[in-house]
Amino acid sequence: MPTESPPAADPAPQPPTTTPPGLLALFVAFAQVSLAGFGGVLVFARRAIVDRHRWMTADEFNETYALCHFLPGPNIVNLSVVFGSRFRGIPGSLAAFTGLLGPPVLIVTILAALYARYGEIDALRRILAGVSCAAVGLLISAVFRMAAPLVKRRDLVGLVVLAAVFVAIGLARLPLQAVLLVAIPLSIAITFAMRRRALA
Amino acid sequence: MNSEANPVWTLAWTFGLMSLFAVGGANSAIPEMHRVAVDVQHWMTDKQFADAFAISQMSPGPNVLIVTLIGYSVAGVAGALVATLAMCVPTAVLAYYVSRLLTRSSHSRWPAIIQAALVPLSIGLMGASGLILALTSDRTWVAGLVTAAAAVLAFATRINPLWMLLAGGCLGFAGVIG
Chain L
1 MPTESPPAAD PAPQPPTTTP PGLLALFVAF AQVSLAGFGG VLVFARRAIV
51 DRHRWMTADE FNETYALCHF LPGPNIVNLS VVFGSRFRGI PGSLAAFTGL
101 LGPPVLIVTI LAALYARYGE IDALRRILAG VSCAAVGLLI SAVFRMAAPL
151 VKRRDLVGLV VLAAVFVAIG LARLPLQAVL LVAIPLSIAI TFAMRRRALA
Chain R
1 MNSEANPVWT LAWTFGLMSL FAVGGANSAI PEMHRVAVDV QHWMTDKQFA
51 DAFAISQMSP GPNVLIVTLI GYSVAGVAGA LVATLAMCVP TAVLAYYVSR
101 LLTRSSHSRW PAIIQAALVP LSIGLMGASG LILALTSDRT WVAGLVTAAA
151 AVLAFATRIN PLWMLLAGGC LGFAGVIG
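For the record, the sequence lines run as chains L and R. Residue numbering for the first sequence follows the numbering used here, beginning at 1 and increasing consecutively. Residue numbering for the second sequence follows the numbering used here, beginning at 1 and increasing consecutively.
Chain L with its partners taken away, still in its complex shape (with noise of 0.2 Å):
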């Protein structure tokens, strides 16, 4: 659900601060970019970090960002541990963690309750199978939008990675962990090795 007020409009722009955020500066401001942030908090977490309270730049933000997508695990939980341990330690860490979280999951486990109380009747069943329908077209936008950059660079060796995850998992409904660990270590083998021929 989208807040009432938009999470970028901060009115004066504070100059850079040099002072760290201390523990309940992390704990708001993640709970703020976690309740605005509908769909994908990354953009939101990006505005508030770089542009809002400037504790960080906008290529330590990318760095950081970039450690928590390549880790497995939700990308946005793992920034906020990552973040906040920057500046404070592990303290830091449980107070951006339990910002991001604590708030959404009280929110979605009301959702959860009312859903299991109600989720019966006739006229929320279909707007939720509506709401659904949409969603996955969200999802699906989501596939085309990151797999554009290998198609265009003709990522041969990417695609066909890509595609035999896609149907592993997807048409042939093998358990997850299986399939990981014998496609993880082969992509970082081929990667490597096409990364050696175009150097030599």
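Derived by calculation from the structure, the hints in this document are not laboratory data. Each hint should be verified, as a subset may be incorrect.
Said to hold, decoys possible - One-sided and incomplete, this derived list gives chain L residues near chain R with beta-carbon spacing under 10 Å:
1. V105
2. M146
3. P149
4. A200
Computed from a predicted model, the values in this text were never measured in an experiment. For glycine and all other residues, C-beta sits at the position ideal for the given N, C-alpha and C.
Since the structure of chain L is provided, determine the placement of chain R on it from the hints.
Okay, now just chain R, sitting in the frame of chain L:
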């Protein structure tokens, strides 16, 4: 698998392990969530899984919150909390240690190679998520059409995705989707 075990523990180890394999983010693990929750453990029906996805997309916060909904349907509030923490804490701890390691020796080119190798994998996983969710939610041709229209609009325009979810909800309420 072991139906005698306390379901909260099953949630904890299922999602704790799954998080370490969620390459590219929570949406990459949706096929595995569906396989475990619907096919293996029979925690939810296809329809309930599709609804959980819809609710998580309509809610604020990171995409990972679909596991909160799955957890709730298994074991109430305790299940919701355990599933969420199991999906988030292991990789958060990993991220904490890896980030400390990398700030010390940032000359290595391995992070870049690993990242390049993982990108096509994560897109393949997301594609599989799209397929499985489309199969669970699109039961009529109109539903498939709504999904296709949302995909094209989101790909080709910069319309706020919220409007598309809203339009989907309206069409659903009107009984068009069936």
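Which hints from the list above does the structure break, by number from lowest to highest? 4
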